[in-house]
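Q: Read off the chains here:
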Amino acid sequence: MSKPTKHKHKKHRYVLPSPGSSPGMVFIDENSVEPHINLYIYNENYYKVEHLENIEGLKQRLTDKTYNYWIEIKGFNSMSMFETLTKDWNINKLILEDITRTYQRPKYEEYGNYDFAVSRMLFIDEENGLENEQLSFILTNNVLFTFQDKYEDCLDPVRNRLEIGKGNIRIGGSSYLMYALMDMIVDEYFTVLGTWSEQLDNIEDRLFEKPDKTIMFDTQLIKRNLITVRRVAWPERDKMNDILRTDSAQIDEKTKVYIRDAYDHCIQIIDMVESLKEISASNIDMYLSIISNRMNEIMKVLTIISSIFIPLTFIAGIYGMNFSREDPVTGKVLPQNMPELYQEHGYLYTMIVMGLIAVVQVIYFWRKGWFK
Amino acid sequence: MSKPTKHKHKKHRYVLPSPGSSPGMVFIDENSVEPHINLYIYNENYYKVEHLENIEGLKQRLTDKTYNYWIEIKGFNSMSMFETLTKDWNINKLILEDITRTYQRPKYEEYGNYDFAVSRMLFIDEENGLENEQLSFILTNNVLFTFQDKYEDCLDPVRNRLEIGKGNIRIGGSSYLMYALMDMIVDEYFTVLGTWSEQLDNIEDRLFEKPDKTIMFDTQLIKRNLITVRRVAWPERDKMNDILRTDSAQIDEKTKVYIRDAYDHCIQIIDMVESLKEISASNIDMYLSIISNRMNEIMKVLTIISSIFIPLTFIAGIYGMNFSREDPVTGKVLPQNMPELYQEHGYLYTMIVMGLIAVVQVIYFWRKGWFK
Amino acid sequence: MSKPTKHKHKKHRYVLPSPGSSPGMVFIDENSVEPHINLYIYNENYYKVEHLENIEGLKQRLTDKTYNYWIEIKGFNSMSMFETLTKDWNINKLILEDITRTYQRPKYEEYGNYDFAVSRMLFIDEENGLENEQLSFILTNNVLFTFQDKYEDCLDPVRNRLEIGKGNIRIGGSSYLMYALMDMIVDEYFTVLGTWSEQLDNIEDRLFEKPDKTIMFDTQLIKRNLITVRRVAWPERDKMNDILRTDSAQIDEKTKVYIRDAYDHCIQIIDMVESLKEISASNIDMYLSIISNRMNEIMKVLTIISSIFIPLTFIAGIYGMNFSREDPVTGKVLPQNMPELYQEHGYLYTMIVMGLIAVVQVIYFWRKGWFK
Amino acid sequence: MSKPTKHKHKKHRYVLPSPGSSPGMVFIDENSVEPHINLYIYNENYYKVEHLENIEGLKQRLTDKTYNYWIEIKGFNSMSMFETLTKDWNINKLILEDITRTYQRPKYEEYGNYDFAVSRMLFIDEENGLENEQLSFILTNNVLFTFQDKYEDCLDPVRNRLEIGKGNIRIGGSSYLMYALMDMIVDEYFTVLGTWSEQLDNIEDRLFEKPDKTIMFDTQLIKRNLITVRRVAWPERDKMNDILRTDSAQIDEKTKVYIRDAYDHCIQIIDMVESLKEISASNIDMYLSIISNRMNEIMKVLTIISSIFIPLTFIAGIYGMNFSREDPVTGKVLPQNMPELYQEHGYLYTMIVMGLIAVVQVIYFWRKGWFK
Amino acid sequence: MSKPTKHKHKKHRYVLPSPGSSPGMVFIDENSVEPHINLYIYNENYYKVEHLENIEGLKQRLTDKTYNYWIEIKGFNSMSMFETLTKDWNINKLILEDITRTYQRPKYEEYGNYDFAVSRMLFIDEENGLENEQLSFILTNNVLFTFQDKYEDCLDPVRNRLEIGKGNIRIGGSSYLMYALMDMIVDEYFTVLGTWSEQLDNIEDRLFEKPDKTIMFDTQLIKRNLITVRRVAWPERDKMNDILRTDSAQIDEKTKVYIRDAYDHCIQIIDMVESLKEISASNIDMYLSIISNRMNEIMKVLTIISSIFIPLTFIAGIYGMNFSREDPVTGKVLPQNMPELYQEHGYLYTMIVMGLIAVVQVIYFWRKGWFK
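If you read the protein sequences in the order shown, they are chains A, B, C, D and E. The first sequence begins at 1 in the numbering used here and counts up by one. The second sequence begins at 1001 in the numbering used here and counts up by one. The third sequence begins at 2001 in the numbering used here and counts up by one. The fourth sequence begins at 3001 in the numbering used here and counts up by one. The fifth sequence begins at 4001 in the numbering used here and counts up by one.
In silico DSSO-like pairs for lysine-lysine, Cα to Cα no more than 27 angstroms straight-line:
{"id": "1", "chain 1": "E", "residue 1": "K4093", "chain 2": "D", "residue 2": "K3256"}
{"id": "2", "chain 1": "D", "residue 1": "K3107", "chain 2": "D", "residue 2": "K3150"}
{"id": "3", "chain 1": "E", "residue 1": "K4048", "chain 2": "E", "residue 2": "K4254"}
{"id": "4", "chain 1": "D", "residue 1": "K3254", "chain 2": "D", "residue 2": "K3107"}
{"id": "5", "chain 1": "C", "residue 1": "K2087", "chain 2": "C", "residue 2": "K2074"}
{"id": "6", "chain 1": "D", "residue 1": "K3107", "chain 2": "C", "residue 2": "K2107"}
{"id": "7", "chain 1": "A", "residue 1": "K166", "chain 2": "B", "residue 2": "K1087"}
{"id": "8", "chain 1": "B", "residue 1": "K1150", "chain 2": "B", "residue 2": "K1093"}
{"id": "9", "chain 1": "B", "residue 1": "K1277", "chain 2": "A", "residue 2": "K277"}
{"id": "10", "chain 1": "E", "residue 1": "K4107", "chain 2": "E", "residue 2": "K4093"}
{"id": "11", "chain 1": "A", "residue 1": "K277", "chain 2": "C", "residue 2": "K2277"}
{"id": "12", "chain 1": "C", "residue 1": "K2048", "chain 2": "C", "residue 2": "K2059"}
{"id": "13", "chain 1": "A", "residue 1": "K107", "chain 2": "B", "residue 2": "K1107"}
{"id": "14", "chain 1": "D", "residue 1": "K3332", "chain 2": "C", "residue 2": "K2332"}
{"id": "15", "chain 1": "A", "residue 1": "K210", "chain 2": "E", "residue 2": "K4372"}
{"id": "16", "chain 1": "C", "residue 1": "K2093", "chain 2": "C", "residue 2": "K2150"}
{"id": "17", "chain 1": "C", "residue 1": "K2277", "chain 2": "B", "residue 2": "K1277"}
{"id": "18", "chain 1": "A", "residue 1": "K48", "chain 2": "A", "residue 2": "K74"}
{"id": "19", "chain 1": "A", "residue 1": "K87", "chain 2": "E", "residue 2": "K4256"}
{"id": "20", "chain 1": "D", "residue 1": "K3093", "chain 2": "D", "residue 2": "K3107"}
{"id": "21", "chain 1": "C", "residue 1": "K2107", "chain 2": "C", "residue 2": "K2059"}
{"id": "22", "chain 1": "D", "residue 1": "K3166", "chain 2": "E", "residue 2": "K4093"}
{"id": "23", "chain 1": "E", "residue 1": "K4254", "chain 2": "A", "residue 2": "K107"}
{"id": "24", "chain 1": "A", "residue 1": "K254", "chain 2": "B", "residue 2": "K1093"}
{"id": "25", "chain 1": "D", "residue 1": "K3166", "chain 2": "D", "residue 2": "K3065"}
{"id": "26", "chain 1": "A", "residue 1": "K87", "chain 2": "E", "residue 2": "K4166"}
{"id": "27", "chain 1": "E", "residue 1": "K4166", "chain 2": "E", "residue 2": "K4074"}
{"id": "28", "chain 1": "C", "residue 1": "K2107", "chain 2": "C", "residue 2": "K2093"}
{"id": "29", "chain 1": "D", "residue 1": "K3107", "chain 2": "E", "residue 2": "K4107"}
{"id": "30", "chain 1": "C", "residue 1": "K2372", "chain 2": "B", "residue 2": "K1372"}
Derived CB-CB ranges, DEER-like:
{"id": "31", "chain 1": "C", "residue 1": "I2028", "chain 2": "B", "residue 2": "N1202", "range": "27 to 33 angstroms"}
{"id": "32", "chain 1": "E", "residue 1": "D4247", "chain 2": "C", "residue 2": "N2090", "range": "54 to 60 angstroms"}
{"id": "33", "chain 1": "B", "residue 1": "E1056", "chain 2": "A", "residue 2": "G165", "range": "28 to 34 angstroms"}
Don't read these hints as lab results, they were simulated from the structure. C-beta atoms are modelled at their ideal positions from N, C-alpha and C, and glycine is treated no differently.
All chains, full assembly: derive it from the sequences and hints.
A: Written out as structure tokens, the structure reads:
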């Protein structure tokens, strides 16, 4: 029996807060990378990307209200950056903690002159399997900050659309850009679920062709991943709903029509997850019933063979006994001992009896349907 | 053991949005068919169907308020058609996206001077099994648009009623026609569920007569289809409720009594789905207990046969041993070796002992109830 | 093994609407019986039953407000009767559809000058098992209509009370009579559940005495019937609640105290159903664990017998080998071949060794607890 | 295998209303006992118990508002008593029905000048197992009636506290006494759950030491009893909540602080029930996995023994064949028949081969981990 | 098969109220320890800890409003202490009961001039496994009381922060200190869950490497602990919510931002618990399927060996029969008895036939995939 290759289930460990640390403390993980900062300046007719070394003094530069600004921060390994955010931009420390402790649930919170939001990017990485990363947003008038801990993400299509400038993306203002990024992330969920849906179809095909024990492992792996998606999609839906219902000044009313669309997408995601979970469960049920059936088949083979041959062997054993007609020591003659052995057609009759026993049993098992 | 024929589970793949595409973009699937457009003009006394090549300039024609108009569009493969809808009819782009991405949940949305609704048609196609298609509605005063991606549907009875003109259908206005179509679709769910209900009854009969492993596959297939219906019926119910509670100018108050009826039907559908799911589950439980029982039966046969004959064979084996009373080499006489073989009725006694052992075992198994 | 008798699970098929038929169309099933109409005229001091041929012109007769009238209609096979209801009594066509399509959920609806309600009668018929029939009510001032498709029902006790005239029944007005009928129906649920509760107790007893596979079938049958009751009891409860909260002129305020009592009964029914479902599930769990245990017992017998006798048979087999001490062809003497056979106490020692092996194994299995 | 002793699962049958009987009819069960009536007269400084024969004329006696009165009625077998309640105390007949049909859920209802409440006493009786009895309350100003069908209950500690007079019990008024009784009943639930919690711990210990099939029965019994407690605790909680929210004149505001405490206790009960249910389920899971594991062990023993000795027996069988080197009839010499039997070390070599086969198999099974 | 070491599942028994005791009675468990009282006096610039013998007269000392006071009470074995609380601080007796009966659910209650709250500390003790202890709070202006029954807790980090004085902790007032303690406790839940998450990963690894029956026990143990956490986390979340929504004068508005953060943490805890529960369930499913698969493997070995060798042994048995060609008694010659034994190549042919049977069976099993 082939051993299943250890499945690549990426364990999504939590970066736990060190218990008892002060709330509102920026937490920089030892694996954090150097911040990589891009400043996108754009409006309907203008587009420019600048790479920045740090964000000091940036606030003073971003005064022209005819432009929108997207400050994209990747990597948190710079204490001074967060200090600047507190000092220059007056961001609450609890928010900075939420940004750096990247295990937040999706949420949307208003803080007066800025809004804070968290999305979770799920995307499949060739090497590591499902990636589950946090993208945090701070939205304040025409400035949008995004924060992510690693360089990899799934946001390039939005960056491209921003560069090309087609559609609403340069016209809609900063809240539209935030929506576009959030929607991109939700769209990526569809891609992820699509991959697993295909894998489940493959597993189903294998169930019919050659069910082996990897089916169990593979299905369980998908089931766990589905749990991850569901855990993300429900608060994501709530977040969209919160944005829909807010009357925060940061969120453009025109953007809300789009948010409602994204809200619908979240519901579809939850729907798909539930369906895929039920399909997984049904695959597992099927697999377990296949194992049981197979056991039945194995036992049938054993029982048929044993039931036929054990009694026959017994008969053969009887006529292999050495009961003697004449005691070699005393010379006494005992013709009543095993006279069958000396009958004219004793062997033939024995073989016929054996054959009959076998035939009767075969018929019995046949009628029980054990040969089907 | 017969192999189950691969079941025809139509995989309802999702036409996924290409992630990162602009929201509100019309999506034309590569399998989309050429649009096939019918214009129904009718009132209480008048009925006419026109086949149209395109919908350009249509708005200018449909000005007579004494008629109702139903513009039926099948097939989306025409970009210009959607552009006309935006230009002439002023339809929001997000709606056009929803129409063309045919994986929407049933819903009802008001957009001021028109309403938008989605129904999902479920019907059983001889070849492909369960079909799950989207019918989208745009309702604006006395004009009703319907959109579907394929030519096949389950709406002919409504078309016939419209032609014959009996009942309310030509009097009730466009919102009544929309209701009639929606109700037709929900009624079709009953037909679909009826088919499966019958199949489940058949499976139940097979459970009693000849349970084999196709039962598992067939039941699982029905279970999945039931999941599809439930996923459609819940939002369908919500949609009906939304229409009931709206005060949109598009929905005639008189139509609402009928909508309430359709709402009741949705609840009955959900009820039936839950019942059928429980029956499926109970069939599977029954099947698994039958497998277990069968295993018990198989093992009983093996155990009875083995337990009786293995000890007997052992006894036969003993008297088949060649312990000798006289060493042929040394000539030493050993009368204590296997004296039974030379006793007067050794063979008879042995056979009696064997018979007794067998009888004792048969009685033992009989009293354990293993022969029942 | 005894074959379970095919259980009498009455399949509650739905009389499906022919899809696409106009809403509000009276539906007369092909099995419908001729209407059988009784008119009960009563007040505190008066009681009379009249058998009617049809209900034409009835409205004109029932003008005396000092009497209450109950028009009991059994059997729907008369189109003209329904037309009279529409014409004379001005009943909405959708209601007539609901009356004739007898798969409605319990409900209560107000239509201005009359109220409409549906109850579902559940009662056990000796022959057919659980009957699930619809009783529809139209209540308008001092006139109560009831509609049922078949002649059999469970309402005789109410008819008797009405005739005898004890208690509130002739004083309480038409809404009290409606309550009395509804309450009778709910009381009958208790009887039905009581029957199953007893059957479940019997099944439990059989689990202890002689568990066989009919247990599974019988329990599943009860489980399905319980699902039917639950599907009826929940909307029944909602119906009672709706009547409690209505301010319809048809419902006497004094009757509401009684309705609240009936509402409590519904909750008790739901409670009992849940309990019985849990007991069914627990019986099934128990049965499955008994099957597993029995399998273990069977395997233990096989393993003990085989483990003891197979090695012994092997030893007997060794000494049954014909290795020869003297080649009969060449005459060569080989005293090293099987010297045990010619030892003085070879046979005795062999038997002792065999006995020891058996004893060791018995002790081993004993200590493993396999004999318990 | 030991047979489990039939467990003492007291079947809580329902005293069903005879269907169709008038609502509001007092129901006296045939097993009802003669009423046993105590009148407690008490205030802060006074305490007296009187045994009464009947309650006629009692109302006229209980006029002194400086005392509180508790009329405790045990046993319902007196129609006249209930008639007095209707006549003198003006109690609604539906309430009397609820009192005598002792299968009510816990509830609290206001009827203007008196309040009605139901509690369910759960306590463990040495002989009968779990008792589930109804205690009904009628509270009207400074008079509290309690009704119970049997003499046994779990209320003695409250009677003692009332006699001793410590704490709030004589000061708090009649609504406090009602609370004290209700709280006593809820406290008794803790005792009951504590007993089962201990039993579950014992079962868990047996799972580790000697798992046998009584585990299944005992756990299922506890599970059913837990269902009973849960069915009582939920409406009990709702009742407490209803009392908390009422503005009935019967309930002293000061008592409500205590009711809130009792409400908390109900939630803790529900909590404990859920935990114990999960522990039961986990015990059953564990037991089933132990059965499966044991089956594996049994099969391993069988397979190891059979796999080793069946091939060896076959080899012994070969050399037990009687192929002859010389036809005794024709005298033809056939030295090619079974020459191994006549080789110099034929026997030794055979034994070595057999030993090798056994060793190889033992190693094979060892490496498969079957000896662990 | 190795026996699992009895797992250290600490049974969380409830200290049950002695039923019938007066409500509001302080309950001192026989295992209660002597109270150990610390008074922390602090403000932004000042910090001092005093060890107190008792709390008599304390109220008179704590009058300086420029300081905050934390009175930490560990151990309840002093009736006089509780009396002082009633007398000096006017604390409701029901609260003292809740403090001393340490099985309360987390809750928050306002009592006018003080607030009462309960948290449950969960932490893993090396020796005893999961500890589940109650920490009760009484908050009144600038004085915070905490009560715990044992000396051990998980609050040292907060004490350290208070001593060091960094961050908000000395500035935020008494309600902030209460928050800090509560948050510390919730943070500790993360640590606890982290430990189990790691253990579940280990179990998963063992599933792949050497699945044995300890997996079941270990997973069930974690599952039960998870139930404990969930039972604590839900009311903890509700408590935070209650504090958020209160307008009690005791709770500083500025503290509420932090409480909202702690509320988020509670939701994350519940989330994690659900995930870990699903992972546990999936591990158990996996384990059970591994057992089933292993059974299949065992049975395959048995069936292959038996099916091949039992028929062969039968053939060997046939040729071991002693049918004789010449009756030693009568001297009659019977050449038709077992002529195969005397054929020229009888032995060779027999061996070939046996080999063929074996080969056919091996091919049969091979094609069935039983060797994989």
